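Enquirer: What follows is each chain in one-letter form.
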Amino acid sequence: MLRDEPTLTPLAGCTDLYVALNFGTLKDTRFLDLWRLDRLRKIELRGGALSIGALATFTDLIRSTLVRKRLPMLAAAARDVGGVQIQNRGTIGGNVANASPAGDTLPVLAAADAVVVLQQAGGIRRVPFDGFYTGYRQTVRRPGELIVGIEIPPVRGRQFFRKVGTRAAQAISKIVMAGILGPATGSGRTARIALGSVAPTVVRVPRTEAALASGASIEAVQRTLMEEIAPIDDLRSTAEYRRRVAANLLARFVCGASRG
Amino acid sequence: MRKRRISRRKFLEGTGTALAAVGVVATRPTIAAQRAGAAASGAARTAIRVTVNGVARQVDVDDRWTLAELLRDHLELTGTKIGCDRGECGACTVLLDGKPVYSCSQLAVWVDGRSVETVEGLVKNVQNEKLSAVQQAFVDRDAPQCGFCTSGQLMAAKALLSSNAHPTAEDARAAMTGNLCRCSNYNHYVDAVVAAGGRSAESLALPATGRLPATGRLPATGRASLSGEPSLAIESLAPQRVTALNVVGHATPRIDAVERVTGKAKYTGDIRLPGMLYARVLRSPHPHARIIRIDTSKARALPGVKAIVTHENCKVVWGAGGISGGQQYNDEVKKITKHRRYAFNNPVRFVGDPVAAVAAVDRHTAEDALQLIDVEYEPLAFVLDPEAALKPDAPKIWPEGNLSPNARNELMPISQKRGDIDAGFAQADHVFEDRFTTAFVHNAQMEPRAALAAWQGDKLTIYTPTQGISNCRTDMARDLEIPPEKVDVICHYMGGGFGNKNQNQDADLIATVLAKEAGAPVKLELSRKEDFIGVHGRWPTVQYYKVGVKNDGTLTAIQLRGYSGMGPYRKNSGSIGGIEIYQCPNHDVTVHPVYTNRTVSGNFRGPEFPQGFFGIESMMDEVASKLKLDPVEFIQKNMTRKFRDETPYTNYTLDECIRRGVEAFDWKKKWHPPGAEGGPIKHGCGVSFMAFRSGLGRSSAVIRLDSKGRYAVHVGVTDVGAGAKTTMALIAAEALDVPLSKIDLVWGDTDRCPFSVGESGSRTTIMTGQAVVEAAKDLKKQIAEKGLPKGDEVLIASASPNPQLQGKVRNAFGAHFVEVEVDAQLGGVRVVRYVCVHDCGRIINPLTADSQIKGGATMGIGMALHEDLLYDRRSGVPLTPGFYGARILTHRDAPPIEVIFIESDDGLGPFGAKSMGESSKVPAVAAVANAVFNAIGVRMRDLPITRDKILDALEAPGAAITAGGRS
Ligand SMILES: Cc1cc2nc3c(=O)[nH]c(=O)nc-3n(C[C@H](O)[C@H](O)[C@H](O)COP(=O)(O)OP(=O)(O)OC[C@H]3O[C@@H](n4cnc5c(N)ncnc54)[C@H](O)[C@@H]3O)c2cc1C
Ligand code: FES
Ligand code: FES
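For the record, the sequence lines run as chains A and B. For the first sequence, the positions run 1 to 260 when the numbering used here is used. For the second sequence, the positions run 1001 to 1967 when the numbering used here is used.
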């Protein structure tokens, strides 16, 4: 159907779309309701990868033993989204498609090297998370293409997720970080780190990751990170705050602090 | 606001059609074809099957309806409330196939084939209306204050309890964090849910233990609440020991608690009249602009539109909306007020100023009509900050300039002087100066403003959530220039107000003129955003202090120069309170209430005090710290002992409040010199104290006794959430010496109730309560003289006492002790312990009193750490109107609050009761801020104390690295 009318806007849990509507920023006028595509709600292992249907809700993620076992940081991220009511309706596909730099599951997926599965009448294509976002609220998703699922290859190492909001709950992130710290390799440690709300899109920080792998001191790695990101001042926070807190979160993560 | 945009109606039309169409891809996704230009009344309908509270129904739903709208407007299930209509508050929570969802953010067509459960379906047995366990727990623990969030909390709780039969307090907070409570009764909600899960039954004893022997303390077991959190203690003060009474002083669930937990309580928005129209208001998108032209012709042509009003055809003055001097509105004030506010103003002076209003056959048509009104504005220069507004070159909001005139229309600041300030500074060993600022925080009561106006001939009936039906009536009569007898104000339930539902509101006037124009009843409900920008919040301030002090900590002089941002209309005083709680012979206070092009400021729970106390108590905490004194010692040395060092108090318990707090909190052990702790997580302790007016005054009550032995107590209260109805009933039962069950309360209707002072200024219990006591005395005398009524006889007693104090001042006292944990790496502040000690005189109902104190303290934490209304400096547009943007506290933010009452009886007021409603908000902000200072050793001078500000304060550049992450 999207083939016939590629301008239709897909609609999943509608939690973001409703907000856009209320703020008067919604331009679209024609919608495609996906909610009842139960097939796209499955969470399963497929060929070693964790495969999550686009319509899996945050509640589904929190409750899934597979997610909790394989990707606990995703369950943690889902738990920090809104309240239970939003968790019951908001979907991972919607979170990814909505492409907000503050989307809470995005750093998790970025750090985990997830793959976005897109489907169109013509067939399926898989886009690595790294290449999915092209700019502020922009993705490589073509008109007429649906996100049908997310695939996450096996993750080895310690996982970390921390969202920093204003209030303790129901907050849009001032900054959010996810990370995976692999086993030590020679002098350094492999790490995959992603941040939200510090750039127009969720970002990985390859220079910081390289610094960690090279075995640099934590202070040096923190400095690298503070140079590597270029956050901005906005309603929720200042660039300065974000830079410092990114560095502090990194230290907590790497030094294994349990306290968030 | 005029925005070319897709309206909700169109959106919903589209999606609805989507479901109706045939599936093409996999299962049933379908196309939304927008139906261009559907007539107002002819939107597409879809037949759906839905099970509502166990009953299978088939309904034809309009494709644009939300589930909340279907339930409320069309199935008459009004227990589900709308607090924001955009997924931010939880008031609309229902269970969809057993899972909690926001019914405001679901389309009705989406629930086809599903099952919906609402608060009305919770009662265990519909026949005998037996409450379910969770409802009963809500009643027993006094979970609902105003009750507007209650249905949503119940539904979230129900879902939790069905998946986790014995939740912990933490489980409850997580499950209910999507449900805000602005009365901030989070502790009681959590307790109730834990109780419903049966976690620790013995602590149900808390409300049930009720009154203690006058000499005693609450037994230790009675103090622990279900969630294991410390709760409430009542102590009687030896010299002023209170004697035990029969009814008063026993913890009693609200007399209307059952209505509040079953969805039966009818709030203004729940009322429907035959032929009723719906109104919407078009508001200014500019902070300051002249309206050149308004063209309503297209809107008028829209089928279903029945009336449109603008400044061109409505010249009604909203008297209480703009008052010289910001004093209580009356005929005299009306005459002299120059800077008048109309229901519709031209020029418009803030973003949100009403420009036009429409009444139409349904809400969607009214909304559509707004989009068809063409307004041409000439934007004018604007100013947002009070200090900037006083600069000579600032844009003038009124011809006389931006300093708001006083009650005599003189362009003078508020000023109050005592002693000789210069001499005071000359005597000082040290003089300290500092500047503090506080933010605009919105009352953000859970129920948005609503009004339903109906004319019958020349008589107006207005249903409106108001904190004072009597004042609202006289204000309406004055504004409409009709006799007060021609106005009936009705308010049976209301969802909070905290001061912004005092008097009448422009919404009342707008609904009224539309109803007149259309010849039909009109209901106007403000959206959350409109409520945030169109209804007032607390005035933001800038405060400059200069304090002279001797080496031993004795104060010699206090000077305050302050600026309060009032918005473009002066509703209330704009003063900055607090200096008077320190003894000092030399004072000099000058406060400038200043016009700005922001949302209007006005009274909010302790109007001038929480922000003033933040200033003065931070300042004094700073002075103590500079002198290396423990702040408690400094307070004890300098706190008020007589009002303004002159007039004795009717009784005085401040020393006792502080002593008890120090002991309960273990202050001596906990407090450390500021900033003394290393490590990334820093603990700190803060203290603040208060003395707050508790005056006497005029109010009335009527009691009618019939031959069946029922006492009908007529009082003009509305019960904003503080429990006034129950308090009045308890006082009546005590004064009449009859059981509570014999009392019928008649309230909330000016045609049936005598004058009441209104639920503002913490006055109802004292003033209306005293009238009840006097009326009861009269009735007892009549009974003694005439005997009990027989047959058709009735006895009617009334009283309108107006007691005055001679040569004394009556105050409530209190002190708050707070421990915080500051995360020096992420900037967060967590309140880990909170002890409040209050002398509110006699505690009429320990159960609701506990809610009041906890609510105020919790709100204070929000004001200290989070709340703000941010503006875009370039456009003058508010950026964060709403619960999310303004960061109202959630379940997860609210710590357990421990309450200790020091009961006293000064022989005044009803059985010695003093003011309570505002008390606990007043010192809370300062106590939290002082605790943050103690933790980090840096003074936070600007509210709110956000994470960003804390990191800024803590860290010289590069310092982010120092903590090294080991915690
Ligand atoms: C009160 C509230 C609190 C919130 N809190 C948080 C939070 O804490 N953290 C957070 O990250 N987010 C939060 N959100 C945002 C939102 O809930 C999430 O982004 C959610 O994941 C969106 O999912 P959805 O299914 O509701 O998306 P929808 O609103 O249905 O859609 C969002 C966008 O994605 C598109 N889309 C949806 N599904 C697909 C698909 N399968 N293929 C292609 N395009 C698709 C839609 O066209 C639309 O543009 C909150 C929202 C609200 C209203
Ligand atoms: S969340 Fe629906 S009304 Fe607030
Ligand atoms: S009781 Fe929760 S908002 Fe009033």
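Think of the hints as simulated: they come from the structure by calculation, not from any bench. None of these values were measured; they are calculated from a predicted model. Backbone N, C-alpha and C fix where the C-beta goes; we use that ideal spot for every residue, glycine too. Honestly, I wouldn't trust all of these hints.
Facing chain A, from chain B, some residues (calculated, C-beta under 10 Å) [stated by the list, open to error]:
1) G1152
2) G1807
3) V1832
Cross-link-like lysine to aspartate or glutamate pairs, in silico, EDC-like; alpha carbons within 16 Å at most [said to hold, decoys possible]:
4) B:K1642 with B:D1706
5) B:K1099 with A:D60
6) B:K1949 with A:D233
7) B:K1266 with B:E1120
8) B:K1949 with A:D234
9) B:K1668 with B:D1706
10) B:K1742 with B:D1706
11) B:K1266 with B:D1706
12) B:K1949 with A:E240
13) B:K1459 with B:D1488
14) B:K1708 with B:E1580
15) B:K1338 with B:E1433
Enquirer: State for each hint whether it applies.
Expert: Right, here's what the structure says about each hint:
1. G1152: Holds, because the Cβ-Cβ distance from G1152 of chain B to chain A comes to roughly 9 Å (cut-off 10 Å).
2. G1807: Check failed: Cβ of G1807 of chain B comes no nearer than 48 Å to chain A, outside 10 Å.
3. V1832: violated (13 Å)
4. B:K1642 with B:D1706: Distance of about 48 Å is beyond 16 Å: violated.
5. B:K1099 with A:D60: holds (12 Å)
6. B:K1949 with A:D233: At roughly 13 Å apart (the allowed maximum being 16 Å), D233 of chain A and K1949 of chain B satisfy the hint.
7. B:K1266 with B:E1120: holds (13 Å)
8. B:K1949 with A:D234: holds (14 Å)
9. B:K1668 with B:D1706: violated (59 Å)
10. B:K1742 with B:D1706: holds (11 Å)
11. B:K1266 with B:D1706: Given pair K1266 of chain B, D1706 of chain B is violated - Cα atoms ~27 Å apart, limit 16 Å.
12. B:K1949 with A:E240: Given pair K1949 of chain B, E240 of chain A holds - Cα atoms ~11 Å apart, limit 16 Å.
13. B:K1459 with B:D1488: holds (8 Å)
14. B:K1708 with B:E1580: Measuring from Cα to Cα gives roughly 52 Å; hence the hint is violated.
15. B:K1338 with B:E1433: Status violated; Cα separation ~37 Å.
When each numbered hint is compared with the structure, violations occur for hints 2, 3, 4, 9, 11, 14 and 15.
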